[in-house]
Structure formats: C-alpha cells, structure tokens
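Take a look at the letters that make up each chain.
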Amino acid sequence: MNEELRKLSDGFLDGYLETDQFRRLEELLQSDLKSKREFVEHIVLHGELGLIAEELCCVDSRFGESSSINRTSPQVSAGTDHSTSRTWWQIGGLAIAVSLLAAALTYNLSEREPRSSGEVRYELEQFPIRTIGYTFPQGRSGLAIPVRAGTIGLSVFATRMTEAGGVEVNVSEGSQFGFASDTLGLLFAGSVRVSANDPNSRYAVEIGDHRILSQGSQFELMRSDSDRALITVKRGRVEIQSRVPHPRLRWSFDDAHSDDLPILLRGSSSRVEGLIGIGALQLADERGTYAEIIGGSEPTVGSGMFALSGGITIEAVIISNWNAEEQNNDVIFRKEDGPNRILLSFQNNQTDYEIPVVEPGPVLSFGIYLEGLGYSELDMPLDGRNGRPAVDEITDGKPHHIAATYDSFTGMKAIAVDGRICFSHQFPIGHCMRSGGPKPAMIGGWRKRESFSGVIDELAIYDFALSPEQISKHHQLAQQRSSWFSESSSPKNYWETVETIEEGASVWLGSHDNSPRIN
Amino acid sequence: MRLYTRNQARIAVFIRSLIRDPADASDVMQETSLTLWRSFSQYDRNLDFGSWAVGIARNQVLKLWRIKRRDQELFSDSLFLELADEVEANLSNSEQRLQALRDCVQRLTTRQRELIKDFYGNGVAAAEVARRWNRNLHTVYNALRSLRKELGQCIAAELNKL
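Going line by line, the protein sequences match chains A and B.
If you're matching positions, the first sequence starts at 182 in the working numbering and goes up one per residue.
If you're matching positions, the second sequence starts at 709 in the working numbering and goes up one per residue.
Relax, there's no trap hidden among the hints.
Derived pair list, reagent style EDC-like, types lysine to aspartate or glutamate, alpha-carbon separation capped at 20 Å:
hint	chain 1	residue 1	chain 2	residue 2
1	A	LYS629	B	GLU781
2	B	LYS776	A	GLU517
3	A	LYS217	B	GLU781
4	B	LYS771	A	GLU535
5	B	LYS869	B	GLU803
6	A	LYS215	B	ASP793
Keep in mind the hints are simulated off the structure, nothing from the lab.
All chains should be built: construct the whole structure from the sequences, respecting the hints.
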C-alpha cells in the first residue's frame with residue numbers, strides 16, 4: 182500500500198478526513214482496483230481488531246493485568262465517535278450465548294424459570310440500556326431473544342420477558358407491547374401480566390395518558406378496545422396513575438434558573454427581551470451561533486433526559502428570519518445521536534427521509550426515529566396550501582407558536598402552527614420512539630447552513646404528544662404573552678395517583694365519564 | 709444456533725469493517741442477529757449459512773450508510789456494494805486471518821496492546837487516549853497508523869507461511 186492510500190485509509194477509519202481528502206480516496210477506490218483491494222484489507226483489519234480487542238481484554242484480566250481505562254466507567258469525549266462503544270460485537274453473540282446456555286440447561290420453560298432469569302440479570306449488568314430483557318417465546322424452549330428499549334411488535338406467540346429487578350412481563354399472543362425501559366412498558370393492544378416478586382421493584386405499564394404501577398405486586402391488564410382496559414390485581418395492590426401534562430424539559434430563557442437544563446450561549450447568540458416572559462434566545466445566521474444544552478445526555482442511546490418512548494412534543498414560540506434559500510436550513514432544535522436524532526428544522530433541501538413524500542421546496546421538518554420504521558422526517562410544505570402557512574407568513578417577523586408531536590398510541594405524527602394542526606401523517610399504531618444518547622442537544626444549529634436566524638422562546642420537550650386542545654390553549658396563551666409554564670410545573674410530578682386497586686379486585690379503566698381519557 | 713455461532717466472527721468482522729463507529733456497529737450487529745433469527749425459516753439449508761447471514765448484514769449496513777450519509781462523508785451505494793463484495797471475499801479465510809492476527813498481536817509492545825484494548829475494545833476515543841498518554845492527538849493517530857501497518861504486514865507474512 183502506498184503512503185497516500187495508507188494515510189487516506191487511516192484518516193477514513195479514524196474519522197478525520199477533510200472533504201477533498203475524502204474525494205481523493207473515493208477517486209482512488211473507483212479508478213484503481215489495487216487501491217480498492219488494499220483499502221478493503223485495511224478496513225477488514227480494523228474490523229478484526231475490534232474482535233481481537235475483546236479477547237485481549239479477557240486474556241489480560243485473567244492474568245490479573247488491569248486495563249489502563251476502567252471498563253466499568255466508559256469514558257466520554259465530546260465530539261468523538263467512539264465514546265459509546267462497549268463490547269459491541271458481543272451484543273448479538275451474548276444473546277446467542279444465553280440462548281445456548283438456556284438451551285443446554287433448560288428442556289422446558291416452566292412458569293418460573295429461575296435459571297434463565299439469572300442469565301438475564303448478568304446480561305443486564307453488562308448492557309443496562311441497550312438490552313433490557315429477553316423474550317421467551319412459548320413453545321420455543323430455551324430461545325432467548327434480546328430486547329432493546331423501544332422494541333415493539335405484534336407478538337405472534339405468547340412471550341415472557343424478564344426485566345431488571347426480577348419483574349416478569351408476560352405478553353399474550355396477538356398483543357402489541359413496547360419495551361420502553363427496564364421499569365416501563367407500553368401496551369397498545371392485547372393483554373399483559375406483570376409479576377414482581379421483590380416488594381421493592383417498580384414496574385409500570387402505560388396506556389396513553391394512564392399507567393398502572395406495580396410495586397412488588399402482580400396484575401393483569403387487558404385492552405378490550407380503544408376506549409377500555411381491564412385491570413385485575415392478582416397479588417398486592419397497584420396504582421392507577423394519570424399523566425400530568427408537564428414538559429420533560431423546558432427553557433423559558435427568562436433567567437438562568439428558570440430553565441430545566443442550563444444552556445451555554447455560543448457564537449453571537451444572546452438573551453433578548455422575551456416574546457413571553459422577560460427573556461428569549463436570539464440567534465443569528467452564522468456558523469457556530471447556537472445554544473448548547475448542558476447535561477441531559479448519557480453515553481448510550483435510550484438513556485438520559487432525551488430518551489423518549491411513547492411520544493414526544495417539541496414546542497416553541499419563534500420569530501423566524503429564515504431566507505428559505507436552497508441548502509440553507511434553520512434548525513430550531515437538534516439532538517444529534519445518529520439515526521436516533523430528534524430534529525425540528527426549517528429546511529429547503531432534498532433528503533431521503535421524508536414520510537410522506539412531498540414536493541421539493543421549503544418545509545418545516547420534524548424528524549425522529551421510530552422503532553421498526555427507522556428515522557424519518559415529517560416535512561410540512563410551507564406552500565400556503567390546504568391550511569398550511571407559506572414561507573412569507575411564517576417569516577413575517579411576528580411570533581408564531583409551533584408544536585411538533587408524535588404519539589405511538591395513535592401513530593399520529595403532526596405539526597401545528599399557531600394552535601392548529603397543519604400537517605400530519607398516520608403511522609401504524611405502536612412504534613416506539615428511540616432517542617437519547619451521548620451527543621449534546623442544541624437550540625439552533627452550529628453549521629453555517631443550519632444556524633437559526635431569529636428568536637426562540639418557551640421551548641419545551643414533552644414525553645408525550647400534546648392534544649390538539651392543549652396546543653390550541655398554549656397558542657391562545659402565547660397570543661396573550663402568557664406562559665403556560667406555571668410555577669407549579671417546577672416540582673416534576675409527571676404522574677398522579679387517581680385510584681388504588683387492592684388484591685383480588687378488577688377495575689375497568691375508561692369505562693365511565695370520570696375516568697381520564699385512554700388513547 | 710450452531711450455524712450462527714460458527715459464523716458469528718465472520719458476521720461481526722464484516723459489519724465492523726464497514727462501520728467505523730463501534731456504537732453503530734453494535735446496533736447493526738443486534739439488528740442483524742434479530743433479523744437472522746426472525747428470517748431463519750427462509751434460509752435454504754443447501755446454501756452456505758455464512759453467506760446468507762452476511763447478505764442480511766450487508767442490507768443492514770447499507771441502511772445505516774444511507775442514513776449516515778446525511779451528516780458524514782460516505783461512499784455512494786455502488787461503491788459501497790463493491791467494497792462490501794470485496795470485504796466478504798476477504799472473509800473467506802477469516803479463521804486463518806484471525807489466528808494470524810492473534811499471533812501478531814502477541815508480538816506487539818505492551819503499549820500497543822493497551823492501545824488496541826482501549827481504542828478497539830473499550831471504545832475510548834483517540835482524544836481521550838491522548839489525554840491519558842499526555843500526548844497530542846496526532847501522536848495517537850500516528851500510533852494507530854503504525855499499529856495497523858505493522859499488523860497488516862505481519863498478517864501477510866503469517867499467511868504466506870501456510
């Protein structure tokens with residue numbers, strides 16, 4: 182391999198190639214067979230080293246040598262691509278290893294299955310976020326399928342999942358269930374039984390704006406149709422809780438203490454007089470002008486304050502000076518964790534992400550990752566047609582209320598402007614979001630072609646979809662320059678108990694007028 | 709399951725060769741494992757399982773490339789497919805290559821082995837390694853470059869002995 186190709190190949194692998202160097206590498210690979218073969222040998226070596234490194238770690242630890250980095254405390258370096266790596270290749274492998282072990286030890290899965298549970302706990306220690314449990318398909322003894330937070334599917338057979346803390350979750354055949362985290366599941370259809378042997382364990386099953394919380398108890402939950410759900414408590418007691426519509430995170434920009442997470446003003450960004458309240462964030466169309474949100478991120482996808490499952494709302498009041506030129510996007514909010522990103526942005530460029538497909542042109546784009554469907558963007562054309570605002574209207578120098586929502590319980594993804602849903606797309610019901618991870622969240626965009634020009638105020642991220650009524654109400658308050666972030670929002674009680682059900686009792690939820698809505 | 713276990717290293721190397729970010733690679737490995745499990749009924753037992761599995765991994769990797777291309781400099785689909793073919797061809801003797809690599813790694817200095825463990829095994833970023841070494845980032849990049857060069861030559865020599 183000649184030195185030029187070696188340098189380019191190493192730069193590619195280590196992620197520091199400039200655009201012209203990348204083009205040169207591409208040219209070499211396309212035009213020269215020898216270069217292509219040598220490059221491939223180089224990247225295969227890179228792949229093999231990933232495998233060998235694990236063996237090396239194990240061999241060394243066996244002989245008492247310690248690695249120079251503590252393996253139990255993954256290091257994080259901002260702006261790098263390697264910060265979240267764990268024993269990556271083992272994820273699939275360990276799942277199979279567990280399967281084989283289970284197969285060897287288990288001839289038939291009994292109701293309690295203590296041995297497999299033990300293996301699962303070991304796995305959970307290794308991959309607390311990426312792998313949250315295992316399903317044990319009925320009739321397929323010994324097979325353990327790894328389940329990652331957010332995994333969702335219409336189960337064609339009864340499955341049992343063992344969660345952290347010894348909670349067993351049995352999903353009935355034909356049910357649709359999402360694994361949001363090791364303490365939360367989402368029931369979209371069918372029924373589920375939750376059994377906790379440890380009185381201190383907590384596990385909740387969410388159904389729209391309600392959830393059933395087990396504290397060391399056992400219960401069954403069955404959704405009979407879109408309006409009703411039957412809860413039967415088999416052991417102990419459970420709580421029915423109703424969602425309190427507080428944002429997960431909010432920034433009013435009024436003062437440094439009013440925001441849920443601190444922000445760092447970058448470039449020429451500044452605080453200005455508020456559109457609502459006393460402060461707002463002003464950004465300019467310049468590279469590096471944005472507000473970086475400090476904290477809230479965790480090393481792995483599916484963790485941190487931005488890890489959402491059941492739904493999302495991004496809400497803000499903005500004055501936009503976007504020029505809508507081609508290739509010039511104005512990002513309102515971005516949490517860039519690869520395909521698991523959350524993005525709300527004015528765009529005028531062609532991407533392959535839009536669902537549904539729309540005509541090329543200026544759009545307000547809302548992107549999230551849906552389990553089983555991948556990353557996609559809802560691109561609302563700013564064409565002034567069918568009730569949608571035109572570019573001129575939304576960049577008229579006046580404040581506009583914007584809300585982008587997704588609800589896995591309805592499958593509805595929507596964008597509302599000034600209190601009214603202007604554009605939406607119906608996804609199949611039951612696809613959880615996947616988000617969170619190591620990258621910092623940003624208000625505005627740091628790239629020149631993504632920096633936001635204008636003012637942003639009352640930015641909020643919710644872990645559920647605001648209803649059209651709530652959006653309309655917020656818009657009305659915005660018109661009166663009143664905040665909907667009341668002081669009472671500060672102590673974050675996201676759920677309040679509306680009823681406690683004792684052992685042996687069955688209760689229909691959503692069957693009478695006093696019950697809050699079930700999606 | 710035995711089929712999978714026998715081919716696991718091949719699949720893992722294929723994925724990791726084409727995806728440089730270990731976290732992304734782990735995601736693709738997991739997706740591939742699940743897809744293999746779900747699609748196993750479609751597997752024709754007269755065909756080589758490894759090739760079938762790598763074919764599924766290839767689709768998963770391509771899917772990720774298409775997403776990543778938004779923010780990163782990545783090759784076109786056609787060049788990706790050519791590279792994927794070439795990588796797969798390289799894996800035909802993966803067992804011998806891996807054994808040769810194991811032997812070669814044992815001949816490295818302690819510091820080089822530590823670099824492999826940290827950078828490839830623990831996923832420590834080059835910048836963090838530089839901080840721990842109290843050296844600048846270029847020193848780490850140069851060390852990685854020398855390491856790969858040395859190992860590449862060593863593997864070639866080892867395979868020539870066979």
